[in-house]
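Protein chains in written order, with the working numbering: chain A, 715 to 956; chain B, 7 to 315.
Be aware that a few hints might be false.
To be verified - List of simulated lysine to aspartate or glutamate pairs, EDC-like, C-alpha gap at most 20 Å:
1. A/K716 - B/D121
2. A/K716 - B/E117
3. A/K816 - A/E956
4. A/K716 - B/E107
By construction, these hints were calculated from the structure, which means they are not laboratory data. For clarity, every value in this text was computed on a predicted model and none was experimentally measured.
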Amino acid sequence: MKAWRSQLGAELRLTARRGDSVLLNLAIPVGLLVFFSLVDVLPRPPGVRHPVQFLTPGLIALAVMSTAMVSLGIATGFERQYGVLKRLGSTPLGRGRLLTAKIASIAVVEVVQVAVLVLVGLALGWSPGGPMGLAVPVILLATGAFAGLGLLMAGSLRAEVTLAAANGLYLLLLLLGGMIFPLSKLPTALRDVARALPSGALSDALHGALTTGSSVPVRAWIVLAVWAVAAPAVAARLFRWE
Amino acid sequence: MATAPPAVEAAGLTVRYGSKTAVDRTDLAAAPGEVVALLGRNGAGKTSTVEALEGYRRISAGRVRVLGLDPQERSGHRALTGRMGVMLQRGGVYPGMGPAEALRLFASYYERPLDPGELMARLDLEGVAATPWRRLSGGEQQRLSMALALVGRPEVVFLDEPTAGVDPGGRLAIRGQIADLRAAGVTVVLTTHELEEAERVADRIVIMSRGRVVASGTAAELAAADPGGARIRFGAPPGLDAVALGQEMEAQVTEDRPGEYTVARAGDPAAVARLTSWLAGRNLPLRDLRTGSRLEEVFLQLTAGEEDR
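Isolated chain A (complex conformation) (with noise of 0.2 Å):
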């Protein structure tokens, strides 16, 4: 127990350290959150009267994808090539606690994050209601599935490698993600890809639960849990720890 918690610790303070997390994990939300609530320009679905009702739960669908996904998939790309993985694989520390405490530190980045962007919406007047307690298996499928693809890329790939297709990728479910303006505003066929998507299911669910008379789609459910199972078995099949 006393190995786990000083990893855990050592996580925390690693991603309190780099630069590039801290920015990605809770400037680029924030700062869109504050941004396009006061420069109204961006589209939002009928009915919405002012865009911090949609930024809100969008922004913490990205928060969590940067996190679970781009975060954890950088830096476990790194420790990979650095032989961290590898060191740690012969103390008593052991790979099942690595991997645990790696995923308490997601667990705790996200409280973090869910927090700072709750109180700025809050502060911008985001109004939430809905079934919000759903937010929280939402949150946890989309994490399962984020750490997935995190892995699976750090696993696989070279981490110089793994830095670029996670921070495209970033972009690319960024912009397919129905997190700074609806889906609905895709065309067609775009918008059944995205939807398949776990950052598309994840913004549909979370507008789902936050937002008053609303509910969580069973569709993003469903694309949810399946992308929750199945990347991190494919991550877990192909993962090389050296």
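Position chain B relative to chain A; hints supplied.
Okay, now just chain B, sitting in the frame of chain A:
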């Protein structure tokens, strides 16, 4: 010593990567408290051997035991993690973490760790205690890797090229740690491609070539077993009449490099007396007179023809 079960043992160890055989039916044993050096050129199979013992490499045939446990098996490996120290050939530390933080983290993994501050002092890392790994020099990285291998008070330590890329001062610090481990009864298995390193730190040297053990023993035993036989070597002015001297010595004389000669016979006192009187008769100076064979030649002969990649 002869009756104590070995702390580290490999029997018929074979490691294959696809169709390539990296380690071929290797036998190896280190008694408790013994320092054994695996000596060989790059690609000789040293790292694969050590990594099979550490449990990183799947073995294709044979068996390995560390402290009586099987590192290839999950429960054996788990039980060993708290009792063995590992220094990888490179890396193994978070790139953004400095020595103090890394040592404190690793210390937390073990039941009864050494004090990180004391270890940093012993390996001369105090001046860079907060410098991230990626900004440490090669020698500092190696010394930190060594400290991380020791922090859990291991009973067996595996060091893969511990002094590669380390400056002379750092080498002394690392060799000093190995001597301390030996004095404390810790078993050490290390790899090196430098003969001098093996001679200095190891009780026993195991020479590997193309995946196989080609010789093993103490440095003196290996030198005595020179497959080319004993020699007399000496230095004198260049251009001696090697044919005339050869007739006098009843053996072939060669000038290996200008002013450095080898007589192809054993250096018994009578032979040395003939050589010195021949030189004295011509009023020639003599320097660096040596008899017997050198470990270096044994090593070069045993590993001849291998590509040093």
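Problem set entry | Hint consistency between A/K816 and A/E956 [alpha-carbon to alpha-carbon, up to 20 Å] | This hinted pair holds, its Cα atoms lying about 18 Å apart.
Exercise. Are A/K716 and B/E107 close enough, with their CA atoms no more than 20 Å apart?
Worked result: Judged against 20 Å, a Cα distance of about 15 Å means the pair holds.
Problem set entry | Distance restraint between A/K716 and B/D121, which requires alpha-carbon spacing of 20 Å or less | holds (16 Å)
Exercise. If you draw a straight line from the CA of A/K716 to the CA of B/E117, is it 20 Å or shorter?
Worked result: It holds: about 10 Å lies between the C-alpha atoms, which stays within 20 Å.
Figure legend: structure checked against the earlier numbered hints; every hint is met.
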